[in-house]
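From first to last, the protein sequence lines stand for chains A and B. The opening position of the first sequence corresponds to residue 1 in UniProt numbering, with each subsequent residue numbered one higher. The opening position of the second sequence corresponds to residue 1 in UniProt numbering, with each subsequent residue numbered one higher.
Note that these hints are calculated values from the structure, not bench results. As the structure is a computational prediction, the values presented were derived from the model and not from experiment. Note that the Cβ used here is the ideal one computed from N, Cα and C, for glycine as well. Just so you know, not all the hints are guaranteed correct.
Claimed, not checked - Derived Cβ-Cβ restraints for the label pairs, each shown as a range: (1) A:Leu271 to B:Val35: 40 to 48 angstroms; (2) A:Leu271 to B:His3: 51 to 59 angstroms; (3) B:Val25 to A:Glu103: 24 to 32 angstroms; (4) A:Gly46 to B:Tyr207: 51 to 59 angstroms.
As the list claims (entries may be wrong) - Stretch-level coverage of chain B by chain A, calculated; a stretch enters the list once three of its residues show a Cβ under 8 angstroms from a Cβ in chain A: (5) 30-36; (6) 42-55; (7) 84-97; (8) 119-133; (9) 139-149; (10) 253-264.
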Amino acid sequence: MVQHRTIGRLLFVSANYLVLTVLALLCILPVVNVLAVSLSEGYYVGAGLVKLWPVGFTLKSYAFVAETPEFIRSVWISVERVALGGALNMLLTVIVAYPLSKEAGQLRLRTLYVWLFVFTMLFSGGLIPTYVVIRELHLLDTMWALVLPGAVPIFNVILLLNFFRSLPKELEEAAHIDGATYMQTLWRIIVPLSKPALATITLFTIVAHWNEWFNGLIYMNMPEKYPLASYLQTVIVQRDISLTTDPMMMERLADLNNRSVKAAQIFLGALPVFCVYPFLQRFFMSGIVMGSMKE
Amino acid sequence: MAHKRWAREMPLHLLVWTGLAFVLVFCYGPMVGIVIAFQRFLPTNGLFNSRWIGFDNFRQIAEMPDTTRVIFNTVYIAVMKMVAGLIAPITMALLLNEIAQKAFKRTVQTIIYLPHFLSWVILSGVLIDILSPNFGIVNDLLGSLGMPHVYFLGDEKWFPFVLVGTDVWKEFGFSTIVFLAALTGINPALYEAAVIDGASRWKQTLYITLPGIVPIMVLMATLSLGNVLNAGFDQVFNLYNPSVYSTGDILDTYVYRMGLQNFQFGVATAVGLFKSAVSFVLISVSYVLAYRFANYRIF
Numbered sequence: 001m002v003q004h005r006t007i008g009r010l011l012f013v014s015a016n017y018l019v020l021t022v023l024a025l026l027c028i029l030p031v032v033n034v035l036a037v038s039l040s041e042g043y044y045v046g047a048g049l050v051k052l053w054p055v056g057f058t059l060k061s062y063a064f065v066a067e068t069p070e071f072i073r074s075v076w077i078s079v080e081r082v083a084l085g086g087a088l089n090m091l092l093t094v095i096v097a098y099p100l101s102k103e104a105g106q107l108r109l110r111t112l113y114v115w116l117f118v119f120t121m122l123f124s125g126g127l128i129p130t131y132v133v134i135r136e137l138h139l140l141d142t143m144w145a146l147v148l149p150g151a152v153p154i155f156n157v158i159l160l161l162n163f164f165r166s167l168p169k170e171l172e173e174a175a176h177i178d179g180a181t182y183m184q185t186l187w188r189i190i191v192p193l194s195k196p197a198l199a200t201i202t203l204f205t206i207v208a209h210w211n212e213w214f215n216g217l218i219y220m221n222m223p224e225k226y227p228l229a230s231y232l233q234t235v236i237v238q239r240d241i242s243l244t245t246d247p248m249m250m251e252r253l254a255d256l257n258n259r260s261v262k263a264a265q266i267f268l269g270a271l272p273v274f275c276v277y278p279f280l281q282r283f284f285m286s287g288i289v290m291g292s293m294k295e
Numbered sequence: 001m002a003h004k005r006w007a008r009e010m011p012l013h014l015l016v017w018t019g020l021a022f023v024l025v026f027c028y029g030p031m032v033g034i035v036i037a038f039q040r041f042l043p044t045n046g047l048f049n050s051r052w053i054g055f056d057n058f059r060q061i062a063e064m065p066d067t068t069r070v071i072f073n074t075v076y077i078a079v080m081k082m083v084a085g086l087i088a089p090i091t092m093a094l095l096l097n098e099i100a101q102k103a104f105k106r107t108v109q110t111i112i113y114l115p116h117f118l119s120w121v122i123l124s125g126v127l128i129d130i131l132s133p134n135f136g137i138v139n140d141l142l143g144s145l146g147m148p149h150v151y152f153l154g155d156e157k158w159f160p161f162v163l164v165g166t167d168v169w170k171e172f173g174f175s176t177i178v179f180l181a182a183l184t185g186i187n188p189a190l191y192e193a194a195v196i197d198g199a200s201r202w203k204q205t206l207y208i209t210l211p212g213i214v215p216i217m218v219l220m221a222t223l224s225l226g227n228v229l230n231a232g233f234d235q236v237f238n239l240y241n242p243s244v245y246s247t248g249d250i251l252d253t254y255v256y257r258m259g260l261q262n263f264q265f266g267v268a269t270a271v272g273l274f275k276s277a278v279s280f281v282l283i284s285v286s287y288v289l290a291y292r293f294a295n296y297r298i299f
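Let the sequences and hints guide you as you build the complete structure.
Next comes the structure, spelled out in structure tokens:
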């Protein structure tokens, strides 16, 4: 009986390792396949010989992408967007989360404020009215259309608010007794104590801005103003090559395998996320992501 | 006294108002813009000078042949995603929980969380490539197993299931986090007692682990209720094409095409309003339920 149970256990454990390995591979192999295609000679890609390892290793596709002016331009727009939008998001997250982390007794109207913010997570005007508002404010075709509408990320505010509340109250009380103003307390005590939480939220914000493609697509009439995510959406998903105007580039594209070029663009588009990921990943279990789940 | 209190708290109010200003313009502003649903809206006339037509836009929607199909697709796809999106991560968390080797567990977790952080633009680029009927690696595999090639993204019978499958593929890893956290919260003394009573690992899973995470399962299921009309715009928009509209077109993509491609602002806003209103009711109900039964609060 005992023997039987251990054999069963052994079988289960082996099967479990196998299943989990397969599932992990399922998550990563599609990306590996695309990477292999991007690094392979066009001829082998066309012949369907490239699976998970590059065949006829070459960087031609990457060289082509690096010389596509539209691609480079959109990368810079994305960088600008991440810097501006990320900074604005973080500033507003901190200055909104701090007052709202107070108890209702410490801040009048706190409950009303919280509901005004939370209500926007429950109900929205919808795509068309939002578009019309952006248009009426003359923000179309400007960077502001990409960074202002989501300037206060409510979900992050709630995460940070819960984190602020978990800090020992005595610190702030002590600071107040020593005559510190709210602003001094926030910037000299609360913010330095919240570095890990702020780092996590910053990384999430960066990834969100880098990945966001839809606003760029609808608020920019001119493709020259697309951030990278929107540019990739048109080139890779809509397969619209009208954005490539230079005849010299068209000629080179015909020479290369279009699939390799697309694969290179996909990989480059995801590269910053891969770079940030190891740092992001460290924080998952540390509790801040669970911030919304406690109480 | 009251006056003094206002003065003392003023810096805090100013901070809130700064954030509130953005929210008022960009979230509440569009809510005012909902009036478009009751107008024959002309962009040149602006929000309040367009002709008011009452419920005509809604009447038009009710008469359009596409409406029922789009609503059906939305609910069908969303509900399948909700169910699969709950079962897959729970199973995954249970399996991961049985792994004793820390390094292996961490590696698997690191890999399966990754797709969550890639956007649907990137992932659909990957999927269009690997699911291609001509050169895709998936059809290569099917071919070598002697099965016929499938045009996953072009076949209306397959498309909804491709959506559900790829959505689970993207999110199942990340969704395990909540359940893994719940699993670590189970009192180890329960397992020790069970072992003394001679319970096998399977029995322990059945009578300790599963009941231990039932509350969080119920909570996640309840909270997902609000998504019944959310079939996933980002995903569908980046994967669909006219040949799968019959089974893959959802409310959000419909609003987009109707509004921003055909410039039927009024009708598109009305469809959007329908979606927002129903979702609002569903989300509110799910939060009330979650609060009543799990004492869950978001702030």
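Each hint tested on the structure:
1. A:Leu271 to B:Val35: 40 to 48 angstroms: Because 44 angstroms falls inside the window, the suggested range holds.
2. A:Leu271 to B:His3: 51 to 59 angstroms: holds (57 angstroms)
3. B:Val25 to A:Glu103: 24 to 32 angstroms: holds (29 angstroms)
4. A:Gly46 to B:Tyr207: 51 to 59 angstroms: Taking Cβ atoms as reference, Gly46 of chain A and Tyr207 of chain B lie about 57 angstroms apart, which means the hint holds.
5. 30-36: holds (count 6)
6. 42-55: That given contact holds, which follows from 3 residues of the stretch 42-55 of chain B lying within Cβ reach (below 8 angstroms) of chain A.
7. 84-97: Our answer is that it holds, as 3 residues pass the Cβ test (under 8 angstroms) against chain A, meeting three.
8. 119-133: holds (count 10)
9. 139-149: Coverage by chain A is violated for the stretch 139-149 of chain B (1 residues, Cβ < 8 angstroms).
10. 253-264: With 4 residues in contact (Cβ-Cβ under 8 angstroms with chain A), the coverage given for the stretch 253-264 of chain B holds.
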